[in-house]
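Fit chains R and P to the given chain E structure using the hints.
Chains as they are written, first to last, in numbering that gives the first Met the number 0: chain E, 0 to 338; chain R, 0 to 292; chain P, 0 to 414.
Just so you know, these hints were derived from the structure itself, not from any lab. You may find that some hints are simply not true.
To be verified - Distance condition first, Cα-Cα at most 25 Å in a straight line; then the derived SDA-like pairs of lysine to any residue:
#1 Lys310/P to Ala282/P
#2 Lys57/P to Asp110/P
#3 Lys217/P to Asp143/E
#4 Lys88/P to Asp61/P
#5 Lys229/P to Val80/R
#6 Lys400/P to Val313/P
#7 Lys187/P to Ala200/E
#8 Lys237/P to Glu88/R
#9 Lys135/P to Asp253/E
#10 Lys89/R to Ile176/E
#11 Lys229/P to Arg84/R
#12 Lys31/R to Glu88/R
#13 Lys237/P to Ala250/R
#14 Lys181/P to Pro37/P
#15 Lys237/P to Trp138/R
#16 Lys174/P to Tyr293/P
#17 Lys349/P to Val113/E
#18 Lys413/P to Glu88/R
#19 Lys288/P to Val125/R
#20 Lys88/P to Phe281/E
#21 Lys88/P to Pro282/E
#22 Lys184/P to Ala167/P
#23 Lys81/P to Asn111/P
#24 Lys164/P to Asp110/P
#25 Lys349/P to Phe38/E
#26 Lys89/R to Arg322/E
#27 Lys217/P to Thr153/P
#28 Lys229/P to Ala176/R
#29 Lys187/P to Leu257/R
#30 Lys259/R to Glu209/P
#31 Lys229/P to Lys89/R
#32 Lys89/R to Ile166/E
#33 Lys349/P to Asp143/E
#34 Lys229/P to Glu88/R
#35 Lys164/P to Lys135/P
#36 Lys57/P to Asp253/E
Stated by the list, open to error - With beta-carbon atoms standing in for the labels, derived distance ranges:
#37 Ala181/E to Ala145/R: 56 to 62 Å
#38 Ala405/P to Val134/R: 50 to 56 Å
#39 Arg217/E to Glu88/R: 43 to 49 Å
#40 Gly160/E to Ala405/P: 44 to 50 Å
None of these values were measured; they are calculated from a predicted model. Built from N, CA and C at the ideal position, the CB exists for glycine as well.
Below are the chains, spelled out letter by letter.
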Amino acid sequence: MTAFLGRYSKRTLLIGQIAIILIAAIATALIPILDERSFNLQRIAFFLLWYAILASAWNMIGGYAGQISFGHAAFLGMGAYVTGILWSQAKIPPLLTLPIAGLVAAGYAVLVGVPTLRLRGPYFAIATIGVGEATRLFFVNFDDIFGVTLTKGVTGISLGGGSMPTIDPVVVHYATIALFVAVMFTTMWIRAGRFGLGLFAVNMDRDAAETSGVPTARLQVIALAISAFFSGSAGALYAMRQQFLDPSSMFGFDKSIALVLMPVVGGLGTVWGPVFGAILYFPVQDQLTRVVSDPYLPSLLYGVLLVAIVMFEPLGIAGLLGRGTKYARMLLLPKDGEP
Amino acid sequence: MRLVEALISALLVAGLYATMSYGLALIYGVMKIINLANAGVMMLGAFLTFFLWQSFGLDPLVSVFVVAPLAFGVGALIEAVFVRRVLNEKPVISLLLLFGILLVMQQGASFAFHGGDVRSVRPAYVQEVVHLGDVTLAWTRLAVFASGVVILVGLELFLRRTFLGRAIRALAQDRDACRLAGIDVRRVSMLAFGLGSALAGAAGSLLTLVFAFDPVTPFSVLQLKSFTIIVLGGLESIPGVAAAAFVLAAAENLTVTLTKPQLENLVSFVLLVVVLVVMPGGLASIIRRRRFA
Amino acid sequence: MRKLSVVALVAAFVVAACGGGSTGGTAATSAAVTVNVPDTVKLAAALPLTGADASIAKIMKDSYELYFKQLNDAGGLTVGNKKVKFDLKIEDNKGDAAVSGQLYEKFITQDNVDLLLGGYNTTIVTQEVKVANRYKIPYVGGGGASSSIYVDNTWAVGVLASIEKLAATQMDFIKTQQDANKLPKPLKIAVAYENSSHGKEFLAGIKASETASPDRFKVVFSETFDLNGKDYTSLLNKVKDAGADAYMVDARVADYITMQTQYKQLGMYHQYLTYGPRGPEKAARDALKDSSDYITAATWFDSLMPGDVVKKWVDNFAKTGDSPEWYAASAWECARILTGAIQKGLTVDKQKIHDILFSTSWDGSVFPSGTIKFDKTGQANNDYVMTQNTPNGNRILIWPKDLQTAAATIPVPKK
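In isolation and in its complexed conformation, chain E is listed as follows:
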């Protein structure tokens, strides 16, 4: 009986998740249609989806592959700047630059990943801090190093004005929804498929995986590349919407920290964890300043949460929720109920 139920319930769970994603997508897509002037709602929708995309993308390498990256803003910023430069210098319509931004970020991830992913846990993490900061400094000094005027250094790039092609914010809104759906489907596919299985194996015990014939290095690099592709694409969307980029905001360590906090607090290595993390992160960041005027309180709370989670519930919010029913466990936890 339970076996029979088991098979059906797994499929139901899958369909259920897809349904949730699509419903969320459609609901968000309707916002600008129903009320053109619902700017605040559109703003909140954009950032919620955007953070969810970034958290999920990070989770692919940090959660599934178990390689904590403290420098992920490098990929986010890379994508943003690719769009920024192509848009402002080559006058290419920004939406067309979206895939290019993603691919360049992915390429950069491969470049950085091949040498560094060989390193074990803490060393890889430290290397990523170095990469993140080095990328930031590289972009700050780019113009002076190469004697061009491309990144405009600390001053930043202003987009969307003058002779640059314009973009409708509603288009960015839809593009963000589409990217969110893509990321969620990808992360579900990774969890369910052979690729993900390989990643989990490497995560659990690299040596055992190697001896079993799993191409550990290749899998990890691919995971990082996919993660960077989505992060870079999200960066491109940011550039299209905010129309201003500067290195310390885009590549800053603060951003990288946020990218770690969200998936870890939400649920490392789970499908929905990063989304929970984003849902917790953005509104708190945005609205808490109304209640308490100190801007550091949200980050302080996150630090405390992080410690608490690491000590008591490594699977974060998803883990907490997953202590409930059997279905909740199956839905939320990494591998069919097993952590």
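Chains R and P only, in chain E's frame:
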């Protein structure tokens, strides 16, 4: 001549770099974890020094003796309450834990001290200089360097001549053998963590004489430089750390002198990544075994 | 009949809108005109209240708040036949441009503010101006001087003149010193500038003067440095090697303090020393003490300037307990001009306020020349006033001639 000056300048800064890295190296050696909260302790040490100076006019060189013991206590506490519980898990867990603690320290300091205002300690002798032939040196930097040397010598003597010091070194070499030898592994670990934090706190005190600071800068940058130094220098040897600190400081200074000043920090990070990845042979095989095994 | 009153209405509006700007005046129209202003006007600004520029931001915040508190306490702003109060919200952007952009967006979309006041620091202001342009809402700022802020801008105005003009003003002053044989001709100049558009424009201004008068100026060294640097000794050693007569730097306050400390520690000397607009700030003077003596600066305002308008403002500002720095004055001017526009247009309609801001000459200003007029990009172009620090924490005004309080001590005395 300019080159000589650059190297001397590097030597002075290296003293500070080394002091802040000893703690990191010690803790890694004994517990095989990277103490991300090192920078946090340094920062708290710097703030305490600042307040002592502001309220009592206490010279930072004297504050070291107040700050270091307190930092020791904080470190031991962190080990006993938090780190100990996750020692057996994957290294990633302790990394995240210490990162969380660092975050709490940084944001807590920003929150408590009303925002990341930049502070600097300016004792009466901040403008004093010393002349060595053609070269002019700031008194404050010399004082920091001298303190660094004293700390280095003190640390080495402690590790080689005292029982606790030898126990720490033994623990770094082989944890299980220590248990067999009857060493209280847990207590020694805690003391080692405390010692590492004390060193970080002392570095924070000294740092106030050289740099202006707020809860975040320059500690995150300095922390990264510490990582470069301990990996380059070899995690087993304290003098190795000192040597690596000088190499890094020299590389930075030479970059600035010979090319553009703005590339100074870029050099550190590139070096970090290169060192981590390439890691030439000739360094203790123990590092290689730990990292690539 | 109806048509006539409509025409009268329009005519009255046109008359009101075209009149020369006088902020204290009464409305020029009769009660037949409807006043399109809510009882409480909502304003907002984001400032770097934490981080490297925190002390500057605090003074700007105090200035904004004093202005509106006094206005509200007096019953409100007289707009036509009603009194209007102001609700000002100031939030901390932690010195991050992206955060500030998001904050301004929140002000506009969630808080539904009517108009925006500006923040501080060129990069951040550029982002804020971008948001103002995206949502087409007027922004009056006093915290950014780089011309790059105003590229593709239609909705923001700023009271600070450009950095190139700052450099040019200093070069003009140097010319007078050369003519009086106090400085050599040609003057060898070493320039260090922060790695930003602010710094680059500073260098560009100096170089422009060099090109125009090559017999007077020679830039023998120019290099850029990173912001929030901690150690300038290597850079300073290079400057030492350049053997220049003058050292001109463009830096933020925190970097200025660090660099000048290290400058003195290295035992350096130049006949003419300036850090752009930095130097006379009380906070810096207190920190550096006599190490900052004889440094010249060119700023947008100085409390020592003569005249009743300045004196009245300084006395009033003393209520905050803060030092009357130029950024306090520029924040005040922004508040004054914004409320003046509302008063003039009898509206908070964004397009109308925009038109009034750009078309009016704003008299009664504390800035040099007493009038602020924004050019078509939105930037003002007032003259600078130059100061020189003198011993014991004092300073004098040295340029232009009509604002001068004492003769400058040039060259800088050797110890």
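Going through the hints against the structure:
1. Lys310/P to Ala282/P: 21 Å, holds
2. Lys57/P to Asp110/P: Holds, at about 23 Å.
3. Lys217/P to Asp143/E: 22 Å, holds
4. Lys88/P to Asp61/P: Between Lys88/P and Asp61/P the Cα gap is close to 12 Å, so the pair holds against 25 Å.
5. Lys229/P to Val80/R: 35 Å, violated
6. Lys400/P to Val313/P: Given pair Lys400/P, Val313/P holds - Cα atoms ~22 Å apart, limit 25 Å.
7. Lys187/P to Ala200/E: 67 Å, violated
8. Lys237/P to Glu88/R: 51 Å, violated
9. Lys135/P to Asp253/E: 30 Å, violated
10. Lys89/R to Ile176/E: The given pair, whose Cα atoms are some 36 Å apart, is violated under the 25 Å limit.
11. Lys229/P to Arg84/R: 38 Å, violated
12. Lys31/R to Glu88/R: Judged against 25 Å, a Cα distance of about 12 Å means the pair holds.
13. Lys237/P to Ala250/R: 17 Å, holds
14. Lys181/P to Pro37/P: 59 Å, violated
15. Lys237/P to Trp138/R: 21 Å, holds
16. Lys174/P to Tyr293/P: With Cα atoms ~18 Å apart, Lys174/P and Tyr293/P stay inside 25 Å; holds.
17. Lys349/P to Val113/E: 54 Å, violated
18. Lys413/P to Glu88/R: 65 Å, violated
19. Lys288/P to Val125/R: It holds: about 11 Å lies between the C-alpha atoms, which stays within 25 Å.
20. Lys88/P to Phe281/E: 21 Å, holds
21. Lys88/P to Pro282/E: Satisfied, since the Cα-Cα distance of roughly 19 Å is no more than 25 Å.
22. Lys184/P to Ala167/P: With Cα atoms ~17 Å apart, Lys184/P and Ala167/P stay inside 25 Å; holds.
23. Lys81/P to Asn111/P: With a Cα-Cα distance of about 22 Å, the restraint between Lys81/P and Asn111/P holds, given a limit of 25 Å.
24. Lys164/P to Asp110/P: With Cα atoms ~37 Å apart, Lys164/P and Asp110/P exceed 25 Å; violated.
25. Lys349/P to Phe38/E: With Cα atoms ~17 Å apart, Lys349/P and Phe38/E stay inside 25 Å; holds.
26. Lys89/R to Arg322/E: 22 Å, holds
27. Lys217/P to Thr153/P: 38 Å, violated
28. Lys229/P to Ala176/R: Roughly 45 Å separates the two Cα atoms, so the pair is violated.
29. Lys187/P to Leu257/R: Cα-Cα ~22 Å, so holds.
30. Lys259/R to Glu209/P: 23 Å, holds
31. Lys229/P to Lys89/R: Status violated; Cα separation ~37 Å.
32. Lys89/R to Ile166/E: 47 Å, violated
33. Lys349/P to Asp143/E: 40 Å, violated
34. Lys229/P to Glu88/R: Outside the cut-off at roughly 38 Å; violated.
35. Lys164/P to Lys135/P: Since the Cα atoms of Lys164/P and Lys135/P sit roughly 29 Å apart, the hinted pair is violated (cutoff 25 Å).
36. Lys57/P to Asp253/E: Judged against 25 Å, a Cα distance of about 23 Å means the pair holds.
37. Ala181/E to Ala145/R: 56 to 62 Å: Holds, at about 59 Å.
38. Ala405/P to Val134/R: 50 to 56 Å: 38 Å, violated
39. Arg217/E to Glu88/R: 43 to 49 Å: 27 Å, violated
40. Gly160/E to Ala405/P: 44 to 50 Å: 46 Å, holds
The structure fails hints 5, 7, 8, 9, 10, 11, 14, 17, 18, 24, 27, 28, 31, 32, 33, 34, 35, 38, 39 (numbered hints given earlier, in ascending order).
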